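A.B. asks: Here is how the chains run, residue by residue.
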Amino acid sequence: MARTLYDKLWDEHVVVQRDDGSALLYIDRHIVHEVTSPQAFEGLRLAGLKPWRTDSILATPDHNVPTTLAERTGGVAGISDAVSKIQVQTLDDNCNQLGITEFEINDPRQGIVHVVGPESGACLPGMTIVCGDSHTSTNGALGALAFGIGTSEVEHVLATQCVVSKKMKNMRVSINGKLGKGVTAKDVVLAVIGKIGTAGGTGFAIEFAGEVIRDMSMEGRLTVCNMAIEAGARAGLVAVDDTTIEYVKGKPFAPTEDDWRVAVDYWRSLKSDDQALFDRTIDINGAEIEPQVTWGTSPEMVLPVSACVPDPEGEDDKLKAEGIRRALGYMGLRAGQAISDIAVDRVFIGSCTNSRIEDLRAAAMVVKGKQKASSVKQALVVPGSGRVKAQAEAEGLHQIFTAAGMEWREPGCSMCLAMNADRLEDGEHCASTSNRNFEGRQGFGGRTHLVSPAMAAAAAMAGHFVDVRDFEGDIK
Amino acid sequence: MDRANVDTDLIIPKQFLKSIKRTGFGVNLFDELRYLDRGEPGMENRSRPLNPDFALNLPRYQGASILLARKNFGCGSSREHAPWAIEEFGFRAIIAPSFADIFYNNCFKNGLLPIPVPETLVSQLFNEMYAEEGYALQIDLTKQTVTTPGGQIFEFEIDVFRKHCLLEGLDEIALSLRDADAIRAYEAQRKRVCPWLFDALNSELPPA
Ligand code: SF4
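Line order of the protein sequences matches chains A and B.
Going by the working numbering, the first sequence opens with residue 1, and the numbers climb by one from there.
Going by the working numbering, the second sequence opens with residue 1001, and the numbers climb by one from there.
Worth flagging that the hints you see were computed from the coordinates, not collected in a lab.
Do not rely on the hints blindly, as some may be mistaken.
As the list claims (entries may be wrong) - Quick list of in silico lysine-lysine cross-link-like pairs, DSSO-like style, CA-CA up to 27 Å:
(1) K85/A x K1163/B
(2) K249/A x K50/A
(3) K8/A x K1191/B
(4) K1143/B x K166/A
(5) K178/A x K50/A
(6) K50/A x K85/A
(7) K1021/B x K50/A
(8) K181/A x K167/A
(9) K167/A x K1143/B
(10) K50/A x K1109/B
(11) K1191/B x K368/A
(12) K249/A x K1021/B
(13) K1109/B x K1143/B
(14) K195/A x K169/A
(15) K50/A x K166/A
(16) K1163/B x K318/A
(17) K181/A x K8/A
(18) K181/A x K370/A
(19) K251/A x K166/A
(20) K370/A x K8/A
(21) K1191/B x K167/A
(22) K8/A x K251/A
(23) K1191/B x K271/A
(24) K181/A x K195/A
(25) K8/A x K50/A
(26) K1163/B x K167/A
(27) K169/A x K1021/B
(28) K85/A x K167/A
(29) K166/A x K1163/B
(30) K181/A x K368/A
(31) K1143/B x K50/A
(32) K1191/B x K166/A
(33) K169/A x K249/A
(34) K1109/B x K167/A
(35) K1021/B x K251/A
(36) K370/A x K271/A
Since we're looking at a predicted model, the values are computed, not measured.
Generate coordinates for the entire structure from the input sequences, incorporating the hints supplied.
C.D. replies: So, in structure tokens, the structure goes:
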């Protein structure tokens, strides 16, 4: 029978199929960070168990780590927030005791889990990949089955190398045609979420397909799959093709020689069969997608930069109108206000959505030779990992940013969720390349607008949102 | 919680995730809505100013054990701190039109019962609850029913295994380990077919 990519990955990993429809699913790679793991390690210890397979686990701290060089120089001991310090130290202790490979805070390979996994080759096509973090979906771009799990499940995977799971349904989102100039992977995924809503993918694994995805770089695909969870889907997927194989080739943990050849043969089969059935399909014309900006407090509250903020009066659905009203109130926006009229107080370029080298290149191209608007209090550029940082510095990108009045930081999650010192003040608007614009996400009372790196960079220079396609500058 | 898309950041803001414990989150459930000041870990919560308009602070809802909510409840992050906080606060069940997948899963691991019911029914329950102080629903997990004070009974879905685990308080890890031999056999076969999936992480030397 014809199968989807998701069906194939699922079938390949079922250890035991149970009568009630659930299955024990084998996990090839388990990525661990400091926030969702301590309780799992403790649970394991209390139960008198040891990890089933330590060589399947890769750990790195990211959520809590400070991003200023001054604070980073001192390593774990130098973290000024005492509670954060304990959490990062606890991860180190657990990994040391159990013999788990960890990229510690100042290891040049440390970074955001979902950036580190693919770039190190720890995450590969055909794998099942889990992490106690919802954006694990990012790794699906490699043609892997990757999804976030809760802490109890982290403990379960540590103890058994499996998760107990029910098969999800299949959805295919095809983005056809060609993207316009200045329109990026981030705009594509925001447009998809705008169309299907934040619960549109609930219960599904979404395969992203179509010409736009085929033409997209691996880094762009990682951005798209990263936000599958914002569309409600635990897993996002992209079929393996030459782009995937080229990307994986030569990565530090990728197979070599004979193993490489066998692996590539297998990986080539990781695509949906032509006749495969999807429970739901969505088609989107890529040529119609414009640069996107979220105006509200949910990623589905998104519009093209040329649009105006909606008016609750024009909404017939009472609950929806109430939602718009509440969001406008929180965001401090007027109904009908042009998106390009929204002034920006801070800019954040980073997060597991958009902190890879291509993202930084795109942002640097926009700011090159320009100056941050004086009304913008701070513009942070936070590379996703030590490797990204080193590459960007080798290309001189950091100098372009600092010359423009932006700050170049050490790798971590940073202002994506503001667990460390990088955060918005009450009422501030932020052009952010991250993935969630929930109330308070980037700081108490903070107002997040999700955009692409180029759009964030342009907003930093202009002081308000601008269409990067009209923005004078050297964009692709 | 009369609003749609309640996300996990709203349920338990990130500053409280710095804890390495499984407990202590209940006092900070819905922190940004519940208190008027800005919550930080380690605060004396009893002396913080409460938001008098927030449902959980109203006298009529004190001691509630069922959380009534709107669609897509628990969207956002995978943090299990969200169900930990809800459970520790005193809730045993959540009724909503729909739940985010990971959150839904996490509830069962913590003895919390999420009940998906049609949106129109949820609206009806909200209306009845607003109209009647002391409004109380009865949930029977064995029969999979919810009964309103007016005697209306509706059924809900839950999968057999999860129901079983909730009723019996089963340890999932112990259950899965009964299949340890099957896991080992699978692993051995996988090692033959895809050897690159094993031991790769130990191959790169840490930087000097
Ligand atoms: S960058 Fe943001 S979304 Fe990504 S893992 Fe870190 S906190 Fe989560």
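A.B. asks: Hints the structure violates: just list their numbers, smallest first.
C.D. replies: Structure breaks hints 1, 2, 5, 8, 11, 12, 16, 17, 19, 20, 25, 27, 28, 31, 33, 35 and 36.
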